[in-house]
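**Q** Chain by chain, the residues run as shown.
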Amino acid sequence: MTGKLRLPRFQSQLPILVGIIVIMMIFLTIVSPNFLKAQNFSNILLKIGIYILIASAANLIMITGNLDLSVGAVLAFSGILHAYMCKHGIPIPLSILITCLAAMTWGVFNGFTVGKLRIVPVVATLGTMYMAEGLAFLIARWDGGTNIMLGLPGAYTRLGRYMLFGKIPIIIVLVVIVAAIFLFIEKKTKLGRFSFAIGDNRSAAELSGINVTKVIIILYALSALLAGFSGILQSSRVGLAAPNVGRMMETYVLIVCVLGGTKMSGGRGSIIGVLLGAAIIGLLENGLNLLGIEHFYQEVARGLLLIIAVIAQKNSKSVKS
Amino acid sequence: MNNDVIVEVRGLTKEFPGVKALKGVDFDIKRGSVHCVVGENGAGKSTFIKILTGAHRRTGGSLKYNGKDFDPKSIREAMDNGISVLYQELNVVDDLTTEENLTLGKENTKWGFIRKSEGLNKTMDIIRSLDDSIELDMPVDQLSVAQKQVIEIAKALSTDCSVLVMDEPTASLSEDEVRRLFLTVKKLKEQGITIVFISHKLSEIFEIGDYVTVFRDGEMIGTKSVPEIAGYDDAAGCPDTFDDATVAEACTELVRMMIGKVIVQEYVPSTSDYSTKLLEVKNVNNRRLKNINFELYKGEILGFYGLVGAGKTEVGRVLYGIDDYEGEISVNGKKAEYKNVIGALDAGLAMVPEERRVDGIFGQLSIRANIPLMRMDSVMNSGLISRIKENRLADKFMNMMSVAAKDREQAVAFLSGGNQQKVVIAKCLNRDADIIMLDEPTRGVDVGAKEEIHEIIRDLANEGKSIIVFSSELPEITNLCDRIVLMHDGNVGEIMKNQKDVDVDHIMSVVAGG
Chain L
1 MTGKLRLPRF
11 QSQLPILVGI
21 IVIMMIFLTI
31 VSPNFLKAQN
41 FSNILLKIGI
51 YILIASAANL
61 IMITGNLDLS
71 VGAVLAFSGI
81 LHAYMCKHGI
91 PIPLSILITC
101 LAAMTWGVFN
111 GFTVGKLRIV
121 PVVATLGTMY
131 MAEGLAFLIA
141 RWDGGTNIML
151 GLPGAYTRLG
161 RYMLFGKIPI
171 IIVLVVIVAA
181 IFLFIEKKTK
191 LGRFSFAIGD
201 NRSAAELSGI
211 NVTKVIIILY
221 ALSALLAGFS
231 GILQSSRVGL
241 AAPNVGRMME
251 TYVLIVCVLG
261 GTKMSGGRGS
271 IIGVLLGAAI
281 IGLLENGLNL
291 LGIEHFYQEV
301 ARGLLLIIAV
311 IAQKNSKSVK
321 S
Chain W
1 MNNDVIVEVR
11 GLTKEFPGVK
21 ALKGVDFDIK
31 RGSVHCVVGE
41 NGAGKSTFIK
51 ILTGAHRRTG
61 GSLKYNGKDF
71 DPKSIREAMD
81 NGISVLYQEL
91 NVVDDLTTEE
101 NLTLGKENTK
111 WGFIRKSEGL
121 NKTMDIIRSL
131 DDSIELDMPV
141 DQLSVAQKQV
151 IEIAKALSTD
161 CSVLVMDEPT
171 ASLSEDEVRR
181 LFLTVKKLKE
191 QGITIVFISH
201 KLSEIFEIGD
211 YVTVFRDGEM
221 IGTKSVPEIA
231 GYDDAAGCPD
241 TFDDATVAEA
251 CTELVRMMIG
261 KVIVQEYVPS
271 TSDYSTKLLE
281 VKNVNNRRLK
291 NINFELYKGE
301 ILGFYGLVGA
311 GKTEVGRVLY
321 GIDDYEGEIS
331 VNGKKAEYKN
341 VIGALDAGLA
351 MVPEERRVDG
361 IFGQLSIRAN
371 IPLMRMDSVM
381 NSGLISRIKE
391 NRLADKFMNM
401 MSVAAKDREQ
411 AVAFLSGGNQ
421 QKVVIAKCLN
431 RDADIIMLDE
441 PTRGVDVGAK
451 EEIHEIIRDL
461 ANEGKSIIVF
471 SSELPEITNL
481 CDRIVLMHDG
491 NVGEIMKNQK
501 DVDVDHIMSV
511 VAGG
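Line by line, the protein sequences give chains L and W. Just so you know, the working numbering puts 264 at position 264 of the first sequence, and the rest follows in order with no gaps. Just so you know, the working numbering puts 293 at position 293 of the second sequence, and the rest follows in order with no gaps.
For the record, the hints were derived by calculation from the structure and aren't laboratory data. Glycine residues also receive a C-beta, built at the ideal position from the N, C-alpha and C atoms. Mixed in with the good hints there might be a few duds.
As the list claims (entries may be wrong) - Computed cross-link-like contacts, DMTMM-like style, restricted to lysine to aspartate or glutamate with a CA-CA straight-line distance of at most 25 Å:
#1 L:K188 <-> W:D95
#2 W:K497 <-> W:E253
#3 L:K116 <-> W:D346
#4 L:K190 <-> W:E253
Stated by the list, open to error - To spell it out: a stretch of chain W is covered by chain L in this simulated footprint if at least three of its residues, at any positions, have a beta carbon under 8 Å from a beta carbon of chain L; those stretches are:
#5 71 to 79
#6 351 to 365
#7 369 to 378
Bound conformation, chain L alone (with noise of 0.2 Å):
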């Protein structure tokens, strides 16, 4: 026998992820004495929970092979989006019902040019994220402004500023929903389960009579979905819309997903390695502000973080027989 035969790791690289967790949280406590705060932890966790949220779907599209580029752009539009609706009138609920169709429009978009077409994901997100990005720029220019601040309902920043019981922020509660979500989609749904036999051998499945076309088309869905009502849950926060608050959203996601042991050319991740790629890449920044590092050297490390981890996976993911 010839080719190439795959070690199965299954979960197996998350005990190591857990190990770095708790490596770095350790040396933190001793090198910070601001990081076991609960403030500390109160906003690494509002920080990755945006990147949880878009993550979880665009995790199950790189587990198919393929790749969304075009979530931080489609979170921009979003969020320009809703604030321009809500200030011109439209009940913030109904708005954020549009909001929500206008972003899964972009993911159906984005799983026909991929899933049918057969454009390259890379190719088609990107440029979905560039026409998202430039029709939020617009919006906030028929708006009058860079961004949108100015003039909304005062009932505008509720959602996002809701404690639940008063205390615990609701993208918080959101992350523990969506990922229980996707963990059931992984283990308990026909979708779960096609996204890992497309990634695994995409002619096989074709020929096993699974509807590729459809359930990449399902996914991007998803994956802007998530990518939309994070991005108004995010303007809703911080009572502003900005048309660029999406950029490097798209390499984050990214690197939670390859942290967390998800190939690149498919078949294999879990939405657990995303919650613990996540954490690492928290703890990361966190760590770098804490420790006062200037913002530049955390992007050349991010950058170095996310070779490491494709490196890593390399490594250990393939063997010849």
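Mind docking chain W on chain L? Use the hints.
**A** Below, chain W alone, put in the same frame as chain L:
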């Protein structure tokens, strides 16, 4: 040293882990001849070619080239020594012109700018001598496949090639283009170049070949001159072209050598019900198939047999909704309107594809996850995947087919070929289709597993399923099938009933095109 011999092969062996691809091969290739190499899949001809051209290293024996030991470590090294390959997949870049293709990778540059190369004129002369219709500034995508081949040949010749290996050069050519290619081959021969010609179309050998070597199961079965095969004792009395009857007879002889002695085992007829017609194929044509007609009955095992390239797989692809066709297919008396795999499955057909690694297994997924993929409903409980049902299903099939694995959670990539095939078959059986197609069901499978798979196929037929087996192994066909469709070059040559003393010679002459 014999000056007439350019390549001398003695006791050549090649072992891959677990497989002996070449088991000690001896023969000579004469200088300036067109030497054809034939054999079925896995016979060892590709392995031999790869050793000759530096793509593989031999594990034993010797190979002499121009009288000196020759063990190229790379394709580059073989090329530098004058052995080049014309691959089936051409390496021309469609977007570039002929000139750019010829100089690709060896651009003569100065300060980063490309200059006209002197070597180019030489290559152009070669091209003109082979085909004067090719111009330098023509974009390659406007050329025909045969013209592209000329460019590749010229590239090879410009590196002072003395042995040119042609790997199935006629596979994607029209008849007209084949003529032109043969003219080119004759011109090359006149220039003293030795051609090693691989083809699955046996009749071609009698048009351009001087010698033919037959491989089977990693062994060299025979090397003969073409007149000898055609029944002439010496070349002197041999005509330049052979008549059709001679070619047909000679092809049959070659097929006999390629297939070897067929041990016809006890064939047990299935309990077929010839009053219920499940599938009817009428006048089906497409790019690779010519006027295909056949019927399939309930509980019957229908075998498709033919040499590599005869069109067996193509029939399967049409039935499974992968390839387009003209003509009519009816399933269960209803005209089949489906145009894709999902439609074929819905109509009641399921297929085990030929290439298990590429089209069959989900290697990273467990056995448990693989088996239900063609019919997820079999493991669903009120809309959700039930692990209990999955486990039960996996256990059922693993028992029934005696899959050897650590447990049902083992990733399929780590099973042996035979066990992987059993998982692919289990996945297909779980579909519970009325018509089950199996393309090369036991290729690359060990003897024990093969027997087991055959047993499963017989059981299915006796349970009332209709089975189509596509195979290039004649014993498999004669052991298993109730009726046999013999294919040759995209045509159905004959449909015969199988019987205990089936006429193997007749089968061979039909698939050889006689």
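**Q** Under the constraints set out in the numbered hints, which ones does this structure not fulfil?
**A** Hint check: 1, 4, 5 fail, others pass.
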